[in-house]
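Student: Residue strings, one per chain:
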Amino acid sequence: MEDGTDLSPSIAQIVQRLRGSHLHSQLERQAKDCLHRPEIKLESLKEDVRAFLKASGWEKRLQNAVYRELHVQLPQCHPTTPAEHLKEPLAYMRKAQASWEKRVLKSLNSMSTELGVPLARMRPAGEQKDLTNKWNEMGTDEPDLSRFRPVYAPKDFLEVLISLRNPNHDSSEDMTVKSHWGLIQVPLNVRDIPQLRQAYSELNLNNGQLGIDDHAHVHPDLFENSYVQIGKKVVVEQDSAAAQQYSRRGCPTGLRSDLWALTLNSTNQPQDVMHYEQLKAGVIQHDLLVDYLIYKDVKLTASNDDYYFVFEDFLYQVMLCFSRDTAVLEHFKYNSATPPKSYIHGKVGNEEFAVLYPPNGVIPFHGFSMYVAPLCFLYNEPSKLYSVFRMMYIRYFFRLHSISSSPSGIVALCLQFERLLQAHLPQLFYHLRQIGAQPLRIAFKWMVRAFSGYLSTDQLLLLWDRILGYDSLEVVAVLAAAVFAFRAENLMEVASLASAEAVLADLSTLKVMPLIQIFLFATAI
Amino acid sequence: MNHSESVDCTVKPPVFLQIGDAKGDSARSGVCVVDDLATDINIEKITFKNYYTAYVTIRLLRRKAEKEGSAKWCTALRDLALMDNPHTEGGSQNYFSIHRRQMQVEPDHVESLRLILRQPSSAWRLFNLEEIRLFPHKEPAPEKEVSDWLSNLIVVKQPPDLEGLPDPQTVSSSIQQMWALTEVMQANRTTASIGRFDVDGCYDINLLSLT
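Just so you know, the sequences run in chain order H and E. Position 70, counted from 1, in the first sequence is what the UniProt record's numbering calls 70; the numbers after and before it change by one each time, with no gaps. Position 55, counted from 1, in the second sequence is what the UniProt record's numbering calls 55; the numbers after and before it change by one each time, with no gaps.
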């Protein structure tokens, strides 16, 4: 606990990160150019320049950049805190993450040796030219992917989470009043319904919501028209914080792409386009083993999906470039995961020739491309789509496949789902447990993908509006519990895991906002 | 603050308190006392790493500066919450520091420090504080006075006659400008990376390193 609320280290950190950025040089140039303007007087130079920057919208851009930095900033902590503690404070979770990573790396290594495919290979000139020509239609290329298999699937990861134990936690095996019926046995602090009601007060029954009050049978003058007007104003103001607050009640379809880009402070300026082109050059130059994993994943998931198969080419363009992006490495400061390391041929152990693999440190798993697929509905320019996806990944999606104690981490989401179910649908939970159908085994695959591919796209985007608006993935756990509550009657009648899965196999007709609203605000407690 | 500045102190092993007969009582204690012996220091701050302690109370044995031999115990901080919820993980393994400003009494002339740890939840097997360090209070250094001999400096000689050489004033001012530029460049060092993932164009790697 630091003495008082000392903001200066935070401020120093943010200044350090923004210094030397493109925004910094633009601000300096603007400040210099404005000196010619008549209203700038020498006596009050500082105030006049500041007023000019404010009036011309540059102060707002700086505010948005600072707002973005606050989202990805490490929490303020004691100066002697070691770096690994910042990634993950609990020692046993760090250990579990490290051994999980080792398993994944071993699997990747053995795939490389068994198939005789090198982890990375420089493409010969002819192949580079081919790929450049085929860049916009990589989907038509059908490489032989039959030998490749995904490195891991969500259910493998679930087994690891189930086996997580705190060695200092005294959990007796008997069924007592405080025992937890679910699979996650880690005592993280998760919020219950009264606390969620306070935190998600904008989703209250009394408030208009997109996803509920924009239905065909509700007259648009009651809510929708005025809400869209407010949205337009937010976009004109270009204020990140306002966009985030606005997203809590949903984003109108026509404004969603701008609002999300604003909330994430993802710009599409020339240097972003150039960065994307640089990544594309990286893809063309080197061929990586993970590329085949990406191809396989897209073919298995998105290409088979009714909504997303049209975006197959986009997905390749985004995912392959994502693998080459070293800017993603900065998120490992607050991610409990560590990027895999390797050495150039013949220089093992020589730190000068140590590299990270893949360049962005993220090994894709089965279903990874589903994080990108819904965004294709919002952005049709690859560099813009890429920029938004990268921001979404380093803020939210990485937490869904790494072991950490964060309240938005997958462990906390699973625990929250189970606790909500046990507290508010105990009969259902007990019944499912008795028939060997632990609810988490069914709900896990939804939560790991943040429901992408399970809901219809418009509903999914409404859900992701709230993730952005509340800057937390908690709403995913709440929705999972709400789905079980909705289908509770049918589930009480099933007698096996397979039939429980069948009841919950098709979520494409569900409307998410009514489910969440009823579960949070209309459940008797 | 680097660790070499902390004062060496002997931390006694923790003593768990029980009601009644200590032995044979199967219930785990929720209170633990850790004694930390120091020799007459003024504390600037105390740092430690938590291990599942929910609340900590700090008591100090202070000796009054004038009187020898009469030392009194007083409470510096009562029930500081280290964990938001004693039953759950939040704050359980975090690093903390307690500054003298947060204490209710002035931690000066401290002979002994007693930390009373409480963990009311039965969910945990052990609780303790680790890496306890005390940092002494340093008085700010007094203003140094200019020594007398500095004022007896030799008077600067007349500048020599320069022929064909540039004016030393303009040279020195332009060098100063260049120096100022390099300082600005150094200060403006950006944290942005270039983005290269290969080493000199080569990215042929062995297998992934498992260590």
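There may be inaccurate statements among the hints.
What the hints assert, rightly or not - Each computed SDA-like pair below joins lysine to any residue, with the alpha-carbon atoms no more than 25 Å apart:
hint	chain 1	residue 1	chain 2	residue 2
1	H	Lys95	E	Gly195
2	E	Lys49	H	Pro82
3	H	Lys95	E	Lys138
4	E	Lys138	H	Thr80
5	H	Lys280	E	Lys138
6	H	Lys32	E	Asn128
7	H	Lys129	E	Gly195
8	H	Lys46	H	Ile11
Unchecked claim - Some chain E residues near chain H, calculated using beta-carbon distances under 10 Å:
hint	residue
9	Leu17
10	Leu61
11	Ser70
12	Trp73
13	Asp84
14	Tyr95
15	Gly195
16	Phe197
17	Asn206
Stated by the list, open to error - A few chain H residues that don't get close to chain E, going by computed Cβ distances all over 12 Å:
hint	residue
18	Val66
19	Thr113
20	Asn204
21	Thr253
22	Ser323
23	Leu329
24	Phe353
Hints listed in this document are in silico derivations from the structure and should not be mistaken for laboratory results. Beta carbons are placed, not taken as given, at the ideal position from N, Cα and C, and that holds for glycine.
Student: Next, verify each hint and record whether it holds.
Tutor: Going through the hints against the structure:
At most 25 Å may separate the alpha-carbon atoms for a hinted pair to count; Lys95 (chain H) and Gly195 (chain E) exceed this at roughly 30 Å. Taken as a hint, the Lys49 (chain E) and Pro82 (chain H) pair is honoured in the structure, with Cα atoms around 11 Å apart against an allowance of 25 Å. With a CA separation close to 40 Å, the supplied pair Lys95 (chain H) and Lys138 (chain E) exceeds the 25 Å bound. Taking the CA atoms of Lys138 (chain E) and Thr80 (chain H), the gap is near 19 Å; set against the 25 Å cutoff, the hint holds.
Our distance criterion of 25 Å between C-alpha atoms is broken by Lys280 (chain H) and Lys138 (chain E), whose separation comes to about 57 Å. Taking the CA atoms of Lys32 (chain H) and Asn128 (chain E), the gap is about 58 Å. The hint is violated against a cut of 25 Å. With a C-alpha separation of about 23 Å, the suggested pairing of Lys129 (chain H) with Gly195 (chain E) holds against the 25 Å cut-off. Restraint check for Lys46 (chain H) and Ile11 (chain H): satisfied, since their Cα atoms lie roughly 21 Å apart, inside the 25 Å limit.
Violation of the interface hint for Leu17 (chain E) is found here, the shortest Cβ-Cβ separation to chain H being roughly 19 Å, above the 10 Å cut-off. Taking 10 Å as the C-beta cut-off, the interface hint given for Leu61 (chain E) is violated, the closest approach to chain H being about 23 Å. Because the closest C-beta pair between Ser70 (chain E) and chain H is about 30 Å apart, greater than 10 Å, the hint is violated. The interface hint given for Trp73 (chain E) is broken, as the beta carbon of that residue sits about 23 Å from the closest beta carbon of chain H, more than 10 Å.
Nearest Cβ of chain H to the Cβ of Asp84 (chain E): about 7 Å, under the 10 Å cut. The hint holds. Hint status for Tyr95 (chain E) relative to chain H: holds, with the closest Cβ pair at about 4 Å, below 10 Å. With a least beta-carbon distance of about 5 Å to chain H, the hint placing Gly195 (chain E) at the interface is held under the 10 Å criterion. Hint status for Phe197 (chain E): holds, given a least beta-carbon distance of 3 Å to chain H, under 10 Å.
The closest approach between the C-beta of Asn206 (chain E) and any C-beta of chain H is roughly 6 Å, which is under the 10 Å cut-off, so the hint is satisfied. Annotated as non-interface, Val66 (chain H) keeps its C-beta farther than 12 Å from every C-beta of chain E; the closest such distance is 15 Å. Distance check for Thr113 (chain H) against chain E: the nearest CB is about 7 Å away, which does not clear 12 Å, and the non-interface claim fails. Non-interface call for Asn204 (chain H) relative to chain E: holds, since the shortest CB-CB distance, roughly 26 Å, exceeds 12 Å.
At roughly 35 Å from the closest C-beta of chain E, the C-beta of Thr253 (chain H) stays outside 12 Å, upholding its exclusion from the interface. Some Cβ of chain E comes within 12 Å of the Cβ of Ser323 (chain H); the nearest lies about 10 Å off, and the non-interface call is violated. A cut-off of 12 Å between C-beta atoms contradicts the statement that Leu329 (chain H) is not in contact with chain E; the least separation is 8 Å. A beta-carbon of chain E is positioned within 12 Å of the beta-carbon of Phe353 (chain H); the least distance is around 6 Å.
Hint violations for this structure: numbers 1, 3, 5, 6, 9, 10, 11, 12, 19, 22, 23 and 24, all remaining hints satisfied.
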